[in-house]
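Numbering of the sequence shown is given in my numbering, commencing with residue 1 and proceeding in unit increments.
Everything labelled a hint here was simulated from the structure, so no lab data went into it. Each residue gets a CB set at the ideal place from its N, CA and C atoms; glycine is no exception. Just so you know, not all the hints are guaranteed correct.
[As the list claims (entries may be wrong)] Below 20 angstroms or equal to it, Euclidean Cα-Cα: the simulated PhoX-like pairs (lysine-lysine) are: (1) 166 x 176; (2) 274 x 9; (3) 302 x 274.
[Said to hold, decoys possible] Label-pair restraints from in silico Cβ distances: (4) 170 x 306: 18 to 26 angstroms; (5) 278 x 24: 34 to 42 angstroms; (6) 43 x 286: 40 to 48 angstroms; (7) 218 x 260: 36 to 44 angstroms; (8) 261 x 307: 32 to 40 angstroms; (9) 238 x 206: 21 to 29 angstroms; (10) 260 x 41: 21 to 29 angstroms; (11) 264 x 179: 27 to 35 angstroms; (12) 53 x 260: 18 to 26 angstroms; (13) 306 x 218: 19 to 27 angstroms; (14) 219 x 294: 16 to 24 angstroms; (15) 260 x 216: 21 to 29 angstroms.
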Amino acid sequence: MNFIYCLDKNYNTQAIMSFYTLNELASKEVNVYVAHNNPETLEKELLKFNFENLNFNFLEISNNLILPNLKNAHVTEATYYRIFAINLINENLDHIIYIDSDVMFNKDPLPPFLKIIDNLKSSEYIISANTIGDYRVDNQETRDYFDYMGMDDKYFNAGVIAYDLKKYRENNIGKKIQEHLINFSKEAKYWDQDILNSFFNGKYLELPESLNNNVVTENSLINMDEALENVTIHFAGKTKPWHVAGLKYPVGIYFQKKYREIFKNDFYIKPYSKKRHLKEVISLISNKNKFHVDNYFKFLIKSIFKIF
Numbered sequence: 001m002n003f004i005y006c007l008d009k010n011y012n013t014q015a016i017m018s019f020y021t022l023n024e025l026a027s028k029e030v031n032v033y034v035a036h037n038n039p040e041t042l043e044k045e046l047l048k049f050n051f052e053n054l055n056f057n058f059l060e061i062s063n064n065l066i067l068p069n070l071k072n073a074h075v076t077e078a079t080y081y082r083i084f085a086i087n088l089i090n091e092n093l094d095h096i097i098y099i100d101s102d103v104m105f106n107k108d109p110l111p112p113f114l115k116i117i118d119n120l121k122s123s124e125y126i127i128s129a130n131t132i133g134d135y136r137v138d139n140q141e142t143r144d145y146f147d148y149m150g151m152d153d154k155y156f157n158a159g160v161i162a163y164d165l166k167k168y169r170e171n172n173i174g175k176k177i178q179e180h181l182i183n184f185s186k187e188a189k190y191w192d193q194d195i196l197n198s199f200f201n202g203k204y205l206e207l208p209e210s211l212n213n214n215v216v217t218e219n220s221l222i223n224m225d226e227a228l229e230n231v232t233i234h235f236a237g238k239t240k241p242w243h244v245a246g247l248k249y250p251v252g253i254y255f256q257k258k259y260r261e262i263f264k265n266d267f268y269i270k271p272y273s274k275k276r277h278l279k280e281v282i283s284l285i286s287n288k289n290k291f292h293v294d295n296y297f298k299f300l301i302k303s304i305f306k307i308f
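Could you build all of it, start to finish, from the sequences and the hints given here?
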């Protein structure tokens with residue numbers, strides 16, 4: 001089975017956590033393709049681990065296009081890499097599973113993904129993805145956004161996507177998507193996810209939610225035992241579990257526990273922005289009891305250092 005990740009150094013840590021869980025749970029060896037604009041930074045970190053079930057292949061990725069909605073955004077151009085990276089996959093491969101770097105595995109993903117690939121190959125569709133919006137049943141605000149994007153069907157989350165590469169190449173989809181991107185004149189509120197959705201416009205095979213299980217960090221009522229019954233856990237929402245504010249919620253507690261297990265360090269803190277991080281640190285000081293931290297003083301000091 002073949003997986004692909006697309007990232008830059010800002011998501012190296014999250015990607016390693018995803019690799020770690022994939023390596024632990026995969027029932028046999030898998031190929032992992034990594035599209036990275038500075039692969040040396042990740043390769044250096046990979047040397048610290050023994051990923052015996054993962055065969056890594058690095059793809060040289062570059063971009064000369066002006067990409068939509070990146071100014072003052074918390075994401076970088078790496079969010080668009082999957083549009084280019086799929087074209088770099090070896091022509092001998094007939095499938096690939098795209099995985100966001102902030103997706104971790106809770107169970108062996110190979111059996112359900114093999115089933116999806118088989119279903120995809122026998123279908124009329126080129127990709128399989130998980131629907132998170134539907135023009136026919138969602139509220140007016142969502143329908144207005146669909147209209148703005150020129151869509152009239154379904155909308156998928158792009159964190160996990162299965163590709164039938166044979167159909168993808170036969171239909172010259174890579175070139176068509178890049179042309180769609182170049183000619184795209186909308187705001188693209190959700191970046192490449194909007195590009196892909198406006199291109200496919202609901203023409204995809206449904207991916208089970210368990211394979212792209214989106215959990216919102218800010219949900220204080222989430223049952224983590226139930227969430228971890230899914231094959232994957234995909235960290236959704238503006239607050240991520242590696243933000244200071246993430247430690248107010250069960251998802252953030254789980255993430256930091258997993259980080260300690262993998263990296264043998266206490267906390268991983270990666271701010272959304274300096275301004276927002278400062279507000280979160282102030283909240284940490286003034287509302288200490290709302291945060292679930294084993295070593296409050298150490299977490300506070302590390303959070304303060306991140307300001308500078």
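Quick check: does the Cβ-Cβ distance between residue 278 and residue 24 fall within 34 to 42 angstroms? About 37 angstroms separates the Cβ atoms of residue 278 and residue 24, which means 34 to 42 angstroms holds.
Can you let me know if the beta-carbon spacing of residue 53 and residue 260 is within 18 to 26 angstroms? 22 angstroms, holds
So does residue 218 sit 36 to 44 angstroms from residue 260, Cβ to Cβ? 22 angstroms, violated
Using the beta carbons of residue 170 and residue 306, state whether their distance is inside 18 to 26 angstroms or not. Violated, at about 48 angstroms.
Between the beta carbons of residue 264 and residue 179, is the distance compatible with 27 to 35 angstroms? 47 angstroms, violated
Between residue 260 and residue 41, is the Cβ distance one that fits in 21 to 29 angstroms? 22 angstroms, holds
Is residue 274 close enough to residue 9, meaning Cα to Cα at most 20 angstroms? Status holds; Cα separation ~18 angstroms.
Does the beta carbon distance between residue 238 and residue 206 stay inside 21 to 29 angstroms, or does it fall outside? With Cβ atoms ~26 angstroms apart, the hint holds.
What's the verdict on residue 166 and residue 176, does the C-alpha distance respect the 20 angstroms limit or exceed it? Holds - the C-alpha atoms of residue 176 and residue 166 are around 15 angstroms apart, at most 20 angstroms.
Between residue 306 and residue 218, does the beta-carbon spacing fit 19 to 27 angstroms? With Cβ atoms ~20 angstroms apart, the hint holds.
Whether the CB-CB distance between residue 219 and residue 294 falls inside 16 to 24 angstroms: 22 angstroms, holds
Should the hint that residue 43 and residue 286 are 40 to 48 angstroms apart at their CB atoms be regarded as holding? 42 angstroms, holds
Violated hints for the displayed structure, listed by number in ascending order: 4, 7, 8, 11.
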